[in-house]
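Going line by line, the protein sequences match chains A and B. All the letters of the first sequence, read from the start, carry residue numbers 1 to 245 under UniProt numbering. All the letters of the second sequence, read from the start, carry residue numbers 1 to 493 under UniProt numbering.
Please keep in mind that the hints were generated in silico from the structure rather than gathered at the bench. Note that the structure is predicted; figures quoted are calculated from it, not measured. Among the hints, a few may not be true.
Claimed, not checked - These stretches of chain A come out as covered by chain B in the derived footprint (C-beta under 8 Å, 3 or more residues):
{"#": "1", "stretch": "28 to 42"}
{"#": "2", "stretch": "48 to 60"}
{"#": "3", "stretch": "138 to 144"}
Unchecked claim - With a cut-off of at most 30 Å between alpha-carbon atoms, the simulated DSSO-like pairs for lysine-lysine come out as follows:
{"#": "4", "chain 1": "A", "residue 1": "K45", "chain 2": "B", "residue 2": "K428"}
{"#": "5", "chain 1": "B", "residue 1": "K68", "chain 2": "A", "residue 2": "K139"}
{"#": "6", "chain 1": "A", "residue 1": "K148", "chain 2": "B", "residue 2": "K139"}
{"#": "7", "chain 1": "B", "residue 1": "K430", "chain 2": "B", "residue 2": "K442"}
{"#": "8", "chain 1": "B", "residue 1": "K72", "chain 2": "A", "residue 2": "K139"}
{"#": "9", "chain 1": "A", "residue 1": "K206", "chain 2": "B", "residue 2": "K73"}
{"#": "10", "chain 1": "A", "residue 1": "K45", "chain 2": "B", "residue 2": "K139"}
{"#": "11", "chain 1": "A", "residue 1": "K139", "chain 2": "B", "residue 2": "K52"}
{"#": "12", "chain 1": "B", "residue 1": "K139", "chain 2": "A", "residue 2": "K206"}
{"#": "13", "chain 1": "A", "residue 1": "K45", "chain 2": "B", "residue 2": "K433"}
{"#": "14", "chain 1": "A", "residue 1": "K148", "chain 2": "B", "residue 2": "K73"}
{"#": "15", "chain 1": "B", "residue 1": "K73", "chain 2": "A", "residue 2": "K228"}
{"#": "16", "chain 1": "A", "residue 1": "K139", "chain 2": "B", "residue 2": "K139"}
{"#": "17", "chain 1": "A", "residue 1": "K139", "chain 2": "B", "residue 2": "K4"}
{"#": "18", "chain 1": "B", "residue 1": "K73", "chain 2": "A", "residue 2": "K139"}
{"#": "19", "chain 1": "B", "residue 1": "K182", "chain 2": "A", "residue 2": "K45"}
{"#": "20", "chain 1": "B", "residue 1": "K182", "chain 2": "A", "residue 2": "K139"}
{"#": "21", "chain 1": "A", "residue 1": "K148", "chain 2": "B", "residue 2": "K72"}
{"#": "22", "chain 1": "B", "residue 1": "K442", "chain 2": "A", "residue 2": "K45"}
The beta-carbon is built from N, C-alpha and C at its ideal position, and this holds for glycine as well.
Here is what each chain is made of, one letter per residue.
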Amino acid sequence: MASSAPLTTYASLISTFTDFLTVAIHTILYERAIYPQTSFLSARKYNYPVRQSRHPKVCQWINDAVSAVEAELLTCSVDRVAVVIYAPESLGNEPLERFMFDVSRFPVIPAGETTTPFEQTSGNVAVDIEEQFRATMSKLSVCGTSLKHLPANCTFTVTIELKDDEPDKGRLNAPIGHPQPWVPVPPNLQRSKGARKDGADLGGVKTTPVRAVEAGECVFEMWIEEGKAKQNVATRAEPSSGEVV
Amino acid sequence: MADKYNEYLAVNVLNEDRVVGFPSHSPLAEFRCANDRGVVQVSYRSLSRALKVHSNLAKHMLYDFHHKQTAKKPGSVHATYLIAGTCRPETSIQANEVNGHDAEDSVMQSSPPFRSSSMPQQEESVEEDVAVKLLLLAKEEDLEEAKARFDEITSVHIYSLEPTSLKDLQVLSDCNREIRSKYSSEDPLEAWKQYGTIQNPNVKACNLLILFTIYTDSIIEKIKSQATASSRTTTLAKDEKTSNTKPGDDTKPSRRASGSHTPQAEEAATPSSKKTTVKAPTLKRDKSDIFKSFAKSKAKLITEDSAGSAGASSAPESGEPSAAEDEPMKDVSEDEQEDDFVLVNSKDTEVANRRSKAEKAEREERLRKMMEEEDEPMNDAPSVAGMDDSQEQLLTQKTESQQSAEQEPEATTTVSGGRRRGRRRVMKKKTVKDEEGYLVTKEEPVWESFSEEEPVAKKVKMPTAAATTAKGKKGGGGGKPGQGNIMSFFSKK
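With these hints in hand, go ahead and build the complete structure from the sequences.
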């Protein structure tokens with residue numbers, strides 16, 4: 001899956017990251033019981049046991065979503081990638097949890113240079129990154145149980161937040177045009193810029209850090225946010241199974 | 001030293017709310033951690049290796065820590081228990097049905113590998129009650145339920161500790177991977193006393209090279225015996241298999257190229273018996289490949305074998321092995337597989353007796369010459385060595401015959417049920433790192449089996465120049481010296 005020389009070029013860095021993202025999404029679906037646990041089979045990735053969904057449509061959807069993320073990543077305009085979990089229709093369809101991947105620290109490369117090797121690559125990057133991915137997976141699987149319980153029949157999606165315009169660097173990231181497939185981030189989730197303060201809901205009610213991965217040029221952070229809506233939902237709905245987490 | 005465990009466990013298990021180095025500008029700046037490995041669960045084995053204590057002591061340590069922490073703050077540490085005992089088949093089946101939580105109890109296969117899930121089949125075939133030994137990994141909340149499954153419990157102990165309940169018990173396997181990677185340098189014959197691993201008192205330290213020799217020779221012997229019993233074509237097909245088991249190995253193509261296998265038994269046998277030159281490096285390369293096959297699954301070996309039998313042929317006697325021959329070969333190889341993995345040393349004795357003494361004497365001499373080149377002391381295992389000699393001779397012979405024959409294999413296709421199957425040669429690129437750290441990319445022909453929809457069966461023959469095969473072989477030999485190849489197998493794991 002990953003290129004034979006991971007992290008030496010921007011393209012290979014993105015490809016490594018998207019592989020990781022795919023595995024992470026499958027793991028999140030398993031841990032948060034979005035789909036029944038029996039629909040997952042055990043696989044190994046990065047020398048670590050992970051869970052992968054067996055349903056072909058789910059896999060297809062995830063692959064499509066991740067390719068869309070990859071396309072955006074290649075243009076170096078992505079700030080964050082989030083896997084958002086929504087409450088079921090019956091409980092208001094509000095976002096309950098967000099699994100954030102902050103990729104703003106990925107290198108910014110001009111369009112033509114995606115396959116140019118980076119200047120310095122520290123030795124043994126392949127092993128290092130694997131170990132970090134393993135640690136992230138392991139952390140993710142544990143975090144799943146420390147988060148508050150989710151109601152049954154939640155849905156999920158993958159969202160991308162783009163970077164703000166950086167006119168001084170000559171980058172206009174905001175995809176404004178007609179027709180506009182992108183939506184602006186709701187004000188309560190926008191980050192501070194100049195006089196504007198952080199959105200009120202940024203960071204959610206509770207943030208659980210997962211891991212900061214740093215291997216060569218691949219630097220990103222991952223954390224989990226639980227939203228206000230989750231508190232409300234928890235009081236309204238009953239947990240689906242009797243287990244108290 | 002014993003008190004260190006509290007510290008170790010506190011750092012590794014309780015550290016869950018501190019996460020590795022978020023940089024200062026990040027919103028999560030306040031979270032920093034000394035635990036860079038991100039260890040989440042600690043098993044008794046990893047604890048014993050880390051603190052250099054006996055495994056049983058490590059189990060006590062885990063229990064003690066768990067006890068203390070839950071007394072201080074309930075739910076701060078979660079334990080996974082390992083329960084061993086016997087159970088009745090009916091109880092286990094019922095328990096499986098009643099137990100609604102699928103992923104929680106998993107049956108370990110390390111010791112008596114009776115899976116309770118396989119009991120239903122046994123029940124049907126076996127009429128009497130068979131007591132089943134069961135090893136069960138259970139989370140602490142399911143402990144009582146798991147205990148109820150057993151008729152008689154021989155032992156219960158804590159297997160691992162983690163900060164919260166694990167949804168997927170499989171992550172515990174990561175502890176073993178960690179042990180393998182960190183502590184593989186320790187000599188098991190000394191470490192076993194310290195760690196309390198189960199040890200066979202009759203085991204002797206054996207040099208790897210000799211180990212390979214014994215194994216490969218036993219295979220060769222088996223091949224020979226079965227060849228004499230059934231047909232000689234089988235012999236050479238097995239040769240192909242044993243020396244060419246790992247697909248994509250860059251030394252393999254050369255051997256496959258020179259592989260000799262024909263439908264005509266007599267012609268096939270004669271070339272092999274003619275070759276006698278001894279080449280130590282070649283031998284080592286073969287052994288390393290064979291060792292790789294040793295670790296590979298049976299299925300793979302069987303497919304390789306059937307593929308090999310379908311594909312190889314000698315240049316002078318070119319003929320297409322018929323589909324019918326594939327079956328007998330497959331059967332024989334399957335039988336052989338079972339035997340090999342279970343009994344290696346016992347077969348040596350059996351098979352060696354069948355050899356003619358004249359051949360043996362001849363080969364022993366040659367082998368002695370070769371063995372003198374190597375460093376290991378043969379003194380402690382004279383009987384084994386005697387057999388080794390003769391068997392190594394055979395191995396060298398076969399390899400030599402293959403190489404010096406320089407025969408092109410024939411890519412064969414068989415048609416069955418509207419699909420074209422068989423083996424063909426494909427150019428594949430292989431990038432290897434040689435001992436100086438240089439990446440060497442070689443494009444080499446490799447056998448692969450294929451299965452295609454094809455109305456017309458075509459005989460695909462891909463002649464390869466002898467020069468290129470020789471070059472490929474030498475390149476492979478130079479790029480991967482034998483000893484380094486063997487050790488790299490270990491270090492990868």
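The hints, checked one at a time:
1. 28 to 42: Satisfied; 5 residues make the cut.
2. 48 to 60: That given contact holds, which follows from 3 residues of the stretch 48 to 60 of chain A lying within Cβ reach (below 8 Å) of chain B.
3. 138 to 144: Since three or more residues must qualify, the claim that chain B covers the stretch 138 to 144 of chain A holds, with 5 doing so at under 8 Å.
4. A/K45 / B/K428: Between A/K45 and B/K428 the Cα gap is close to 25 Å, so the pair holds against 30 Å.
5. B/K68 / A/K139: It holds: about 24 Å lies between the C-alpha atoms, which stays within 30 Å.
6. A/K148 / B/K139: Between A/K148 and B/K139 the Cα gap is close to 20 Å, so the pair holds against 30 Å.
7. B/K430 / B/K442: Holds, at about 5 Å.
8. B/K72 / A/K139: holds, 24 Å
9. A/K206 / B/K73: Measuring from Cα to Cα gives roughly 22 Å; hence the hint holds.
10. A/K45 / B/K139: Holds, at about 24 Å.
11. A/K139 / B/K52: holds, 26 Å
12. B/K139 / A/K206: holds, 27 Å
13. A/K45 / B/K433: Holds: A/K45 and B/K433 sit about 23 Å apart, inside 30 Å.
14. A/K148 / B/K73: Since the Cα atoms of A/K148 and B/K73 sit roughly 19 Å apart, the hinted pair holds (cutoff 30 Å).
15. B/K73 / A/K228: Holds. B/K73 to A/K228 sits at ~28 Å (cutoff 30 Å).
16. A/K139 / B/K139: Holds, at roughly 18 Å.
17. A/K139 / B/K4: holds, 25 Å
18. B/K73 / A/K139: Holds. B/K73 to A/K139 sits at ~22 Å (cutoff 30 Å).
19. B/K182 / A/K45: Cα-Cα ~19 Å, so holds.
20. B/K182 / A/K139: holds, 20 Å
21. A/K148 / B/K72: holds, 23 Å
22. B/K442 / A/K45: holds, 28 Å
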